[in-house]
Amino acid sequence: MKIDDLMNKVGTWLEGKGKDSDIVISSRIRLARNLDNFVFLTLANEEQKKEIVGFIHNALVSAKIIPPMHYFSFKDLTSADKHLLLERHLISRDHAEAPNGVTGQNGSRALVINDKETSSIMINEEDHLRIQGLRSGFQLAELWDEINELDSRMEKHLPYAFSSQFGYLTACPTNVGTGLRFSVMVHLPALVLSKQIEKVFQALTRVKYTVRGFLGEGSQSMGDFYQISNLVTLGRAEKDILSEMENVIPEIIKYERTWREKLLNEQANQTKDRIWRAYGILKNAYTITSGETMELLSAVRMGINIGLIKDLTIAQVNEMFIFSQPAHLQRIAGEALGPEERDIFRASYFRGKLTKPSK
Amino acid sequence: MLCKNCNKRPATIHLTEISHNNVKQEIHLCEECAQQKGLPYKLQFSLSEVLSSLIEPIMTKMGKENLNMKCPNCGIDYATFQKKARFGCAKDYEVFKKGISPILEKIHGATQHYGKFPQGTSGSGILKEKELLDLHRELEKLVKSEEFEKAAEIRDKIKKLKTRKKTE
Ligand SMILES: [Zn+2]
Ligand SMILES: [Zn+2]
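Chains as they are written, first to last, in my numbering: chain L, 1 to 359; chain E, 1 to 168.
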């Protein structure tokens with residue numbers, strides 16, 4: 001598998017299937033793990049980092065995890081490749097933007113992914129290992145089973161840093177214990193429009209959840225997409241964290257649905273205007289920025305959900321989200337584009353996609 | 001610094017926005033303007049900022065002699081941990097135990113792991129610990145629901161397991 005192969009398909013987590021996929025874009029799990037016999041990455045030098053990468057690579061090969069999963073050393077990836085992986089949500093911003101080593105060859109980080117892009121393993125991000133699972137819609141339980149099994153297989157070949165008091169030991173005290181973070185990406189346009197969103201945030205913060213933007217840590221939300229994650233990782237079993245999340249998220253989904261109905265009943269013309277106007281711009285404009293894209297696609301997505309727009313599917317919108325980001329666009333163009341050129345190319349990409357929508 | 005929106009009140013909220021074309025942009029707002037914009041500003045403070053503010057008061061309570069604690073494995077001292085809010089190696093959890101328990105209590109509301117245990121290379125000692133933990137947890141639940149007879153059974157099981165552990 002090559003990085004370019006990612007351009008020929010959309011990860012299965014984007015297919016817009018799965019429970020509540022009108023509101024929940026994706027479910028994500030992350031497990032933080034470290035090795036007992038190496039210092040953490042806060043202190044490791046380039047040599048040690050390379051040793052860790054080599055050690056983990058060998059273990060994953062003997063565990064028969066690579067192959068079928070595919071291994072990418074960062075020394076073989078360009079900055080454009082890494083941004084493509086970031087836009088695919090397969091690596092974190094930190095992993096994508098890590099500076100290359102002194103020699104300009106960064107062999108101290110790596111990534112392992114499967115064909116469907118539903119599981120990935122980041123090597124040497126903040127922890128030695130970050131095991132990640134990604135699915136379309138609200139599917140935390142299925143996802144947990146898959147990632148738990150992968151982790152258990154790895155555990156037999158890797159000496160994880162573990163203490164019976166503190167659980168899985170991590171570089172940052174916020175991840176210790178289970179090392180488990182569930183994140184659900186939700187689309188909440190009606191709650192944003194009705195200014196109810198702040199209430200939701202406050203309620204979530206009180207029960208120790210965090211809310212972040214589209215691209216995770218440190219990113220501001222754009223286009224009404226939010227990532228909700230658990231904050232507590234210590235003192236609760238994985239199943240308890242899971243079942244709590246399975247109680248909290250449906251409440252938010254219900255709240256969003258109520259407000260969508262309310263908006264459609266009480267502000268029908270404004271709501272319809274907003275949606276059709278957005279669709280019109282996407283179909284006809286000659287330059288569109290990435291920030292504007294998020295807002296337009298958000299409105300169109302809601303339009304499909306409430307049955308207004310009938311010639312587009314959620315899967316198509318999800319695909320446009322990913323492929324209209326800078327690194328993806330430049331792959332399609334086959335060349336590097338400056339910001340303005342990108343906005344023009346982005347608009348022509350949308351016109352091409354939307355003039356003859358495939359059913 | 002004044003708020004960039006109203007230019008009147010002092011800016012107390014500093015956000016980094018990943019805006020158009022992936023350009024990072026600093027935004028400085030006062031609390032009122034941030035609220036008007038509906039920004040979830042309280043959630044945007046960086047984690048290490050929050051951590052340092054948690055760790056500092058705990059440090060002064062711990063007394064000076066503890067601040068010089070140093071991990072014999074990786075060499076970081078408590079002051080460095082406090083500054084970076086990151087550990088240097090797995091041993092630090094044991095070395096700085098006294099200092100980190102109150103921090104974990106603040107972050108997670110707990111200091112004891114109740115989740116998955118490694119089944120692999122780490123040996124059976126850890127699994128026995130897990131069994132004990134599960135029993136303790138069950139005991140807690142039974143006492144809460146006032147099922148004292150069952151609770152007594154569990155208590156005896158715990159006793160047995162503990163003596164077995166000692167003789168091993
Ligand atoms: Zn202001
Ligand atoms: Zn150490």
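Hints were generated in silico from the structure; no laboratory data involved. Just to be clear, a hint being listed does not mean it is correct.
[Stated by the list, open to error] No more than 25 Å apart at the CA atoms, straight line, and that leaves these computed lysine-lysine pairs for DSS-like: (1) L:Lys199 <-> E:Lys98; (2) E:Lys141 <-> L:Lys208; (3) E:Lys84 <-> L:Lys208; (4) E:Lys91 <-> L:Lys50; (5) E:Lys141 <-> E:Lys128.
[As the list claims (entries may be wrong)] According to the in silico footprint, chain L covers these stretches of chain E (three or more CB under 8 Å from chain L): (6) 3-9; (7) 83-93; (8) 148-157.
From the three backbone atoms N, C-alpha and C, an ideal C-beta is built for every residue, glycine too.
Problem set entry | Proximity test - 8 Å, beta-carbon atoms, the stretch 148-157 of chain E to chain L, at least three hits | Since 0 is below three, the answer is violated.
Exercise. Has the given pair, Lys141 of chain E with Lys208 of chain L, been kept, meaning a C-alpha gap of at most 25 Å?
Worked result: holds (23 Å)
For this session: Quickly compare the C-alpha distance for Lys199 of chain L and Lys98 of chain E to 25 Å and report which way the hint goes.
Result: Violated, at roughly 37 Å.
Exercise. Under the criterion that the straight-line Cα-Cα distance not exceed 25 Å, is the pair Lys84 of chain E, Lys208 of chain L satisfied?
Worked result: Holds, at about 23 Å.
For this session: Take a quick look at whether Lys91 of chain E and Lys50 of chain L sit within 25 Å of each other, Cα to Cα.
Result: holds (21 Å)
Exercise. Is the Cα-Cα distance between Lys141 of chain E and Lys128 of chain E 25 Å or less?
Worked result: holds (20 Å)
Exercise. Do three or more residues of the stretch 3-9 of chain E come closer than 8 Å to chain L, measuring C-beta to C-beta?
Worked result: violated (count 0)
Exercise. The stretch 83-93 of chain E covered by chain L? Criterion: 3 or more residues, Cβ-Cβ distance below 8 Å.
Worked result: Holds: 8 residues of the stretch 83-93 of chain E have a Cβ under 8 Å from chain L.
Of the hints listed earlier, those the structure fails to meet are numbers 1, 6 and 8, in rising order.
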